[in-house]
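Given the sequences, and given the hints that come with them, work out the whole structure.
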Amino acid sequence: MIEVKGLRKTFTARGTVIRAVDDVSFQARDGEITGLLGPNGAGKTTTLRMLYTLMSPDAGRVLVDGLDPSERPDDVRRSLGVLPDARGVYKRLTARENIEYFGRLHGLHEPVMAERVERLVAALGMHEFIDRRTEGFSQGQRTKTAIARALVHDPRNVLLDEPTNSLDVMTTRSLRQFLRALKDEGRCVLFSSHIMQEVAALCDRIVVIAHGHVVARGTPDELRAQTGQHNLEDAFVQAIGSEEGLFA
Amino acid sequence: MSTWWTVLVKELLDAFRDRRMVITALVVMPLAVPLVIAGLSSVGTKRQEEKLAGMLELPVVGAEHAPNLVAWLGTHDVRVIDPPADPDAAVRRQEHEVILSIDPGYAEDWRAGRPADLELIFDSSRPLQTGTTAARVRGLLSGYAQQVGTLRLIARGIHPSVAAPIRLGERDVATPEARFDLGQQMLPYLLLLLAFIGGMQLAIDATAGERERQSLEPLLATPASREAIMSGKILATAAFTLLSVLVTLLMYRIVFAVTPAGQLDSSLAVPVDALGRLLLVILPVVLLGATVLTALAAFARSYREAQGYLPMLIFLPMLPTLYLMVAPVKTQLWMLAVPFLGQNQLILRILRGESVTAVEWAVNLGVGLVLVALVWWLAARLYHREQLAASS
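The listed protein sequences derive, respectively, from chains U and R.
Sequential numbering of the first sequence, starting at 33, is according to the working numbering.
Sequential numbering of the second sequence, starting at 1145, is according to the working numbering.
Since the hints were derived computationally from the structure, they do not count as laboratory data.
Any given hint could be a false lead.
To be verified - Just a sample of chain U residues kept apart from chain R, beta carbon distances all over 12 angstroms, derived:
(1) D62
(2) S111
(3) V114
(4) P116
(5) G120
(6) R124
(7) E132
(8) R148
(9) E150
(10) V153
(11) H185
(12) D193
(13) V247
(14) Q261
(15) D266
(16) V269
Unchecked claim - A few chain U residues that face chain R, going by a derived Cβ cut-off under 7 angstroms, partial list only:
(17) Y84
(18) L86
(19) M87
(20) R164
For each residue, glycine too, the CB sits at the ideal point set by N, CA and C.
Following this line, the structure appears as structure tokens:
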């Protein structure tokens, strides 16, 4: 369960102040997939970074399972599985070594870890390349490795920043199934995307962000009702105020 | 298992699978250091011997004014040759190291018993190249002068000891290990340089490179503390560097062991029992280097920027060597507290076979480790900046 209230973050670049995130509030519940939808540069990545304690907000409050990241950053990071926008893997290590490294950093013991890795390998279909060095991996293989490494400690909450970016159709499809399985296990899944079809296909709840603000939120039905549009696509365009950057 | 250990093991595994890094640190550097010093030493030794013992070609201006002197020089391995047209310019152009000029009034002064004028032309701004030869010619001439003076005194019935109120003997207390030469000055510098920045590739790769390859952000999203992650990277860098230094010292031993005696200055060989003490002196420098490099890699916005700081770091260990060259002073306790200068002094003393007291060890190691702690603290602050991972 993730709660965000009045989150704000500004950057100063060469004298100009940029409000990347301005008064963002939403909830992501357990057993649901919540989508953070918005065009590139809307503030999705910055919002997620404040959730996983890489940045601290200028104002507002985050609660992860009732814990405040500014007070208990270690416990919050322990309860989160994070696939950041940056998903580089160590190219001289095998996929398994990459995943196990993160498992050890999470303090997992070897027998538990071996079992977790096997489960993730099965769930993500990584048998073919799990013991190969990641140098020369396809984008899909790298993303799967990064997801497995983010989830090796069996977190209650899963944050994914644009998880299907530059993946092929088959990998995207299997990734969607994987996210649904996480939801069915009762986890809180929060992911960001700038692709409307992606969000529409997966999410129980949608938070639409533009220019650092939340412009709409709710289930797909609620969004349609709020905007008075029958078609979800039209509802998004109505909410954001432009068609810019919303389509894959 | 603690976090820093996990990071240490991973970074070393990563490093040892990087063939280029392994070859540079464990093959190229360990071969380069002994070969540079052995090369310098053998060239230096040979040149000194040639200059002292070989036939010396000496241009003499006005040789016809002093046929006796010229003949005497000929019996002392000096071949007198014709002088160039402009002796001063020839010496300045380094065509000749030393030129002797005999005054036209030499014969007349000689016959009258007045001091006859000779002039030695050389360039004192090049002592390394010309110093030995100039000293040799000066020695020969004063030998000639003394010989003739003695004969003149005897001819006048005066005992030569009248003109020799003192007799100066010399006793050199230098141990064979303590003879100083260029190679010996280079060894501490090269060892300290290797210890200080030998881990640059690993350190920059582990922080700036990790960020550039987009794996730092997920790493920092784990519950592992940033201090522990950073310490693991620093210790991995230090361990790798220490291994590189150890292999270099061993290679150095091997080069000296397989080279035929006499070709190299044996005073440069590192005694086996000194290896442990050398590593102890070098350890704080290795830790300091690993910490400084990691701090720089965290401070720089890119891999390239981090590499840009390297020339400055190469210069640091050079300072004490330069200082000792212009002011070769007696070791004082405060010097051992100065980074690099202290280590330089201790390495020289260990190589010279001198003992180091417990107080001196304590000052040197203590100050070194305090400095490491300070830079570690600074690096940790840099590691906590938001820009570290989220720069894009």
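Verification of the supplied hints:
1. With a cut of 12 angstroms on Cβ distances, D62 (chain U) stays outside the contact zone with chain R, its closest approach being about 20 angstroms.
2. Non-interface status of S111 (chain U) relative to chain R is broken: a Cβ of that chain comes within 12 angstroms, the nearest being about 9 angstroms off.
3. Taking the minimum C-beta to C-beta distance to chain R, about 4 angstroms, the non-interface status of V114 (chain U) is violated against the 12 angstroms cut.
4. Against chain R, the non-interface label of P116 (chain U) is violated: not every CB pair exceeds 12 angstroms, the least being about 5 angstroms.
5. Chain R draws G120 (chain U) into its interface by the beta-carbon criterion, the shortest separation being 3 angstroms against a cut-off of 12 angstroms.
6. At the 12 angstroms boundary, the C-beta of R124 (chain U) falls inside the reach of chain R, the nearest C-beta of that chain being 4 angstroms off.
7. The beta carbon of E132 (chain U) sits about 9 angstroms from the closest Cβ of chain R, which is not more than 12 angstroms, so the claim that it is off the interface is violated.
8. Consistency note on R148 (chain U): stated as away from chain R, and its beta-carbon is indeed over 12 angstroms from all of that chain's, at 15 angstroms minimum.
9. With a least CB separation of 21 angstroms from chain R, E150 (chain U) remains clear of the 12 angstroms interface cut-off, as annotated.
10. With a minimum CB-CB distance of about 19 angstroms to chain R, V153 (chain U) clears the 12 angstroms threshold, and the non-interface call stands.
11. Separation of H185 (chain U) from chain R is inadequate, the least Cβ-Cβ distance of about 8 angstroms not exceeding the 12 angstroms criterion.
12. For D193 (chain U), the shortest C-beta to C-beta distance to chain R comes to about 10 angstroms, within the 12 angstroms cut-off, and the non-interface label is violated.
13. Interface exclusion of V247 (chain U) from chain R stands, the closest Cβ pair being 24 angstroms apart, more than 12 angstroms.
14. Q261 (chain U), annotated as away from the interface, keeps every beta carbon of chain R farther than 12 angstroms; the closest lies near 35 angstroms.
15. Separation of D266 (chain U) from chain R is adequate, the least Cβ-Cβ distance of about 33 angstroms exceeding the 12 angstroms criterion.
16. No Cβ of chain R comes within 12 angstroms of the Cβ of V269 (chain U); the nearest lies about 28 angstroms off, and the non-interface call holds.
17. For Y84 (chain U), the interface hint holds, since its Cβ comes within 7 angstroms of a Cβ in chain R; the closest pair sits about 5 angstroms apart.
18. Satisfaction of the interface hint for L86 (chain U) is found here, the shortest Cβ-Cβ separation to chain R being roughly 6 angstroms, below the 7 angstroms cut-off.
19. The beta carbon of M87 (chain U) comes within 5 angstroms of a beta carbon in chain R, closer than 7 angstroms, and the hint placing it at the interface holds.
20. Given hint, R164 (chain U) at the interface with chain R, is violated; its Cβ is 13 angstroms from that chain's nearest Cβ, farther than 7 angstroms.
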